[in-house]
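Student: Residues per chain are reported as follows:
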Amino acid sequence: EIVLTQSPTTTAASPGEKVTITCLASSSVSNMYWYQQKSGASPKLLIYSTSSLASGVPDRFSGSGSGTSYSLTINTMEAEDAATYYCQQWSSNPDTFGAGTKLELK
Amino acid sequence: QVQLKESGPGLVQPSRTLSLTCTVSGFSLTSYGVSWVRQPPGKGLEWIAAIWSGGSTDYNSALKSRLSISRDTSKSQVLLKMNSLQTEDTAMYFCARRATTGYFDYWGQGVMVTVSS
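Those sequence lines, one after another, are chains A and B.
As numbered in my numbering, residues 17 to 122 make up the first sequence, in order.
As numbered in my numbering, residues 42 to 158 make up the second sequence, in order.
None of these hints come from the bench; they were simulated from the model.
Treat each hint with caution, since some may be false.
To be verified - Chain B stretches covered by chain A per the calculated footprint, using a threshold of three residues with CB under 8 Å from any CB of chain A:
no.: 1; region: 79 to 90
no.: 2; region: 139 to 146
no.: 3; region: 149 to 157
All residues carry an ideal CB built from backbone N, CA and C; glycine is no exception.
The shape of chain B in the complex, shown without the other chains (with noise of 0.2 Å):
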């Protein structure tokens, strides 16, 4: 069956670089898409960036400089990299599965990251 799962530090420090991974089973990178949604703490959900079936990418014009996202087809593993972290990068990470026509049908459980100092 489809999994994601996501994994990272549960805590980072301030103008720190954030690096998370997403691992994947059930179904190929080469396949489908992957993103990353955030969403902090009592707050509403928020697109980061996405790597394609072909390995284009495409990132949130507010965080674009800051991030970086890549993928390991042969571990199955989707990299997502922040740097200059904030006390407002706070929030729960989630990668998803995008189906072919745009929404996400799958989701991981989330990790959750803590900016602080």
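Only chain A is shown next, with the shape it has when bound in the complex (with noise of 0.2 Å):
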């Protein structure tokens, strides 16, 4: 099974601000898929095979990466971006995802 490792486990960031979220895999995987969950709802595509954006997601989203290492940016913090961050893979079986980044509104 791949391990998913994300770094922060927690963050915060003011409006405005760029934020990175790091996603580390134990096996090199073709792509890597990001989705945001706010509290008490249910988790919603950003970023598919890598680095396109899903449908009706703001352009401040960003993916990249290859290999064993994935990341995802939001360009400029707004406030409703405070959330947790999940990367999944499909490369290999089962599906897993990382352990979340919990992003915050300072």
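Build the complex from these two chains, which are given one at a time in their own frames, with help from the hints.
Tutor: Structure follows, in structure tokens:
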């Protein structure tokens, strides 16, 4: 099973600040997916196929990476971005998720 | 529009069997796969099982001996059964549609399952 390690576990950002969340895979994966989950809600797809923006997602979000290292970047933090973010891989069965990164508004 | 809705008992006794239903609309189960993902309170996401558009199934190896996933295409429903429930199975259970390239593009609202006597 491929283990995904996210960092940081928790972080806080001020409005307008740039945020980067990293996801390291225990083995190489071909793609990474990113989800946003707000408190009490189901996860929402943000990024698919490493760097493609899901429908309706603001373009301040971006994804990059390859092999075992991937990242999610929020170019300019907004209050509505406060949430927990998860990476997910499907290159190897079973699907696995990272443990999540909680992003708070400073 | 695409919708998924989970249903099932809120409370299950330890050692009993859990049955959950995911009712979908806006797409065909013969065109898309559906997975179950769970989330214990305050914790992260865990993929449990999948049924693919062709009807084949996959299970999380850690839970495989306790799981069964099936579908009723005439009712647009995906069914999950998990036996020998323990307190650590207490979680929010989500069903999600899997796009052909692997990601989960639509999620249900989830159903909370508590395992307790």
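Student: Does each hint hold? Answer for all of them.
Tutor: Evaluated hints:
1. 79 to 90: holds (count 4)
2. 139 to 146: Holds: 6 residues of the region 139 to 146 of chain B have a Cβ under 8 Å from chain A.
3. 149 to 157: holds (count 3)
In summary, the structure agrees with every hint in the numbered list given earlier.
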